[in-house]
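Whole structure, please, built from the sequences with the hints as guidance.
Protein chains: 2
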Amino acid sequence: MRTRNPPLAREHPIRMTSSRANPQPAAVRPSATEAARPSGLLTDLYELTMAAGYMQTHFDALATFELFARHLPARRNYLVAAGLEQALEFLESVRFTKKEVDFLRANRIFQKIRPEFFSYLSKFHFTGDVWAVPEGTIVFPGEPLLRVSAPIVEAQIVETYLLATLSYQTMIASKAARVCTAAQGRAVVDFGARRGHGAEASLPAARAAVIGGCAGTSNVLAGMEFGLPIYGTQAHSWVMAHDRESEAFASFLDAFPDNSTLLLDTYDVRQALTQILAMGRKPSGVRLDSGDVAKDSRWVRRELDRAGWQDVKIFASGDLDEYRIRELLSRHAAIDAFGVGTALATPGDAPHLNMIYKLVEVERDGRIWEAAKLTRAKATYPGRKQVFRHSKSDGEFRFDRIVLESEPAQGGKPLLVPVMCGGKRVANSGTIAEARERCAAGLAHLPKACRQVSQSAVYPVRYSKALKTMLADVRERVRRSALK
Amino acid sequence: MRTRNPPLAREHPIRMTSSRANPQPAAVRPSATEAARPSGLLTDLYELTMAAGYMQTHFDALATFELFARHLPARRNYLVAAGLEQALEFLESVRFTKKEVDFLRANRIFQKIRPEFFSYLSKFHFTGDVWAVPEGTIVFPGEPLLRVSAPIVEAQIVETYLLATLSYQTMIASKAARVCTAAQGRAVVDFGARRGHGAEASLPAARAAVIGGCAGTSNVLAGMEFGLPIYGTQAHSWVMAHDRESEAFASFLDAFPDNSTLLLDTYDVRQALTQILAMGRKPSGVRLDSGDVAKDSRWVRRELDRAGWQDVKIFASGDLDEYRIRELLSRHAAIDAFGVGTALATPGDAPHLNMIYKLVEVERDGRIWEAAKLTRAKATYPGRKQVFRHSKSDGEFRFDRIVLESEPAQGGKPLLVPVMCGGKRVANSGTIAEARERCAAGLAHLPKACRQVSQSAVYPVRYSKALKTMLADVRERVRRSALK
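From first to last, the protein sequence lines stand for chains L and E.
Residue numbering for the first sequence follows numbering that gives the first Met the number 0, starting at 0 and increasing by one per position.
Residue numbering for the second sequence follows numbering that gives the first Met the number 0, starting at 0 and increasing by one per position.
Please note that the accuracy of each hint is not assured.
A pair holds if it fits inside one copy or across any two, identical chains being indistinguishable in the list.
What the hints assert, rightly or not - Using 27 Å as the maximum straight-line C-alpha spacing, the simulated DSSO-like pairs for lysine-lysine come out as follows:
no.	residue 1	residue 2
1	K377	K312
2	K464	K281
3	K294	K377
4	K122	K464
5	K97	K111
6	K412	K391
7	K423	K97
8	K312	K111
9	K412	K447
10	K281	K111
11	K412	K467
12	K98	K377
13	K281	K294
14	K447	K391
15	K423	K412
Please keep in mind that the hints were generated in silico from the structure rather than gathered at the bench.
Rendered as structure tokens:
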């Protein structure tokens, strides 16, 4: 336990929220847009029982939580941070409607809670400060993607949404980076819409896939909402719906003379291409979705070239992922671009990241103390942290150091930057294109072993001595307090 | 190719949509609720290019598509159908806003498409007929969960959303059924909100988890929207935020004297329980979230009983799934209820179902022909299907038969029922409680080997001779047409 060191506030010129002694947000809320605002009820019940408990027991505190991955899933050497934009939109706009507050009030569990809690919720808005790593940044276990300092009630209520949002997009962006690495510069398009956890989940996924390196998406609404390039022409059903395959191809070329990728594998790839060549009408591309794609693609390329159609692209899809793409290219598949659906939307080799949101500091009645979970195998480091990335002169990353925010820098580049102050954004969080470039630059600077798709490599991440000392101090404090 | 057999329409008294020759829906749309309607753009681009292609080439047809799982993931003996309610809500309300239509019109790929297509979209609504298996029904590969008959343009546009919705909820309900089976009658609560693919994805997941057998969810908004029981009290952060663990417990009991499950493993389980017993204030439950839960739970039970607190429940959570629960119970863990998060929200052992939506029949210019995909290893059966479930006299399922809708019944119970006619619902799709009971009854009637969590067993599903003959006919027709 210690008191805050005043110089810190100057070093990182982000004001602490001034409302912590009395966490009452401004009463004004625009009712017109209320329906579009995310609901404060989109959270685990325990966030709201704890919130009620803090208010009921007059526990006024400013809490700092950090959100990070405890460890990497197997087959991952790094993560690509994504989802910050949606996390900040949530923090800016989360509210409780009257109906939602009434729903809680009527629940048996809240029956002894004083009315002040419910009137607090009806005026709730987030007033905290947030630091975060920009989207597209390469991150490693233990490194906070996000750090929230806010009245403890607020910081608690937003936990569930922040975890889901950042874990999901980070998982997808990280997978996309691997898939695009395997494609060696060929375009990869997100085909994951139908594999989303509900179709709506495919929208942030398309965004994250593009941050991770994808060229675009088949998802039309994602294209409109996020300004992403959209791709797609025909499915097997188009061919199946027509009497004859040749008629199906001819009709599609009639409708889309300048932009038609014809699907070859509804019945038989070679028969399909032979019919297209016999028609003599050049499509912009052809697609292979099943079968021996490496072999078929080489045959298709030869036949296309023989017809003088060197500019007709070959597109491959069908249960592709980074391993399958690497195998196809190692077999000299003649493929210009890949469509990846299932593996991007629900990465089977790492279907969840299990990020955590841990309390690291509490400020109450003018005192500050650091918090840590101490259970075996699940211990976490206390204290507000910063991450410094140290690089070689050519830009290659050497190692990261996780330090207390208050420690003097020892070189390296700080990863966490202020993004929100008193519940308002303090910086534009940047475009998807910028995040995509950041990711590409980060991948280019990763040690080569870490960048590999089928090789495990551990990037060095160190904790400062001050952090280790602080963890030991918390352990000792808890031990002593239990004995009292 | 054949003409429709008139008696069929009598056998299944669902009118075909009358608008197939001119797929123009009614012009009236309620603009007030427009914002809340799902967007027709939430689909893959190729659905819209095909739609444009069909209109551009005057291909007026009534198409029938069937949605089913091609095969089971490893470690699954059955699936629990779920998501129909959301699928039907989508079909009833999907629209294109002016902004969305303009977005498409401005896209280069549509530049040669006639204006009629865009005015069609601006008045789009779904006018088709839908048959489906009720939610909570046990289903197997090849068995259609949903069958859509509609103008081909409509049937195509809704594909992506239907696949995502039914695949996702079916995946979660199927996992929940396994987890609840392993819990042997103990309550299982969905803790998956923070592991959702975005927080919003956790809402249908909570619903599906309850259909599969869960007692409720930690997800408050899901509780309100779907009327599900909600659960939750305190997290590690509550304990960590307080100076002393005993103070944290006492404060929580102050706020929630009748309903407080205290979390024991923030620092040390035995130390925590010792402090609670020393306080002498009885909580309603305690929770273990890490460590040797089997051993700790037996110790906690003994200590609670020794204090005369036989009615204090022990709740377990922390990376649980059906395998871990089975192991805990085999080690005589003293656990009354389980919280399962990650495994329910993103089942690591089967993170996707890869359902497909396949064209099986086309009716055009008064002719009907059956469609099938013929590629090696990905062939599908043509024709409109029904599934009959045959049971023993005690109710145990013996086998399923997939037949053409037009085949005479040979006993058994038909699984597909009409749910939508001409774009309007023809029956209430039932409550979540009914779907949950249907699932429980289905599980009780499954052959015992299929119900096991750690045993592979194949339930017999047969295809009728007529279906096999029809597939051979389609194959021959395609072969001949390619030779012409």
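So, going through the hints one by one against the coordinates:
no.	hint	result
1	K377 with K312	between (50 Å within a copy, 24 Å between copies)
2	K464 with K281	neither (66 Å within a copy, 42 Å between copies)
3	K294 with K377	between (49 Å within a copy, 18 Å between copies)
4	K122 with K464	neither (43 Å within a copy, 66 Å between copies)
5	K97 with K111	within (20 Å within a copy, 50 Å between copies)
6	K412 with K391	within (12 Å within a copy, 70 Å between copies)
7	K423 with K97	within (24 Å within a copy, 32 Å between copies)
8	K312 with K111	between (68 Å within a copy, 21 Å between copies)
9	K412 with K447	within (20 Å within a copy, 60 Å between copies)
10	K281 with K111	between (74 Å within a copy, 17 Å between copies)
11	K412 with K467	within (21 Å within a copy, 66 Å between copies)
12	K98 with K377	neither (38 Å within a copy, 49 Å between copies)
13	K281 with K294	within (22 Å within a copy, 70 Å between copies)
14	K447 with K391	within (14 Å within a copy, 62 Å between copies)
15	K423 with K412	within (25 Å within a copy, 60 Å between copies)
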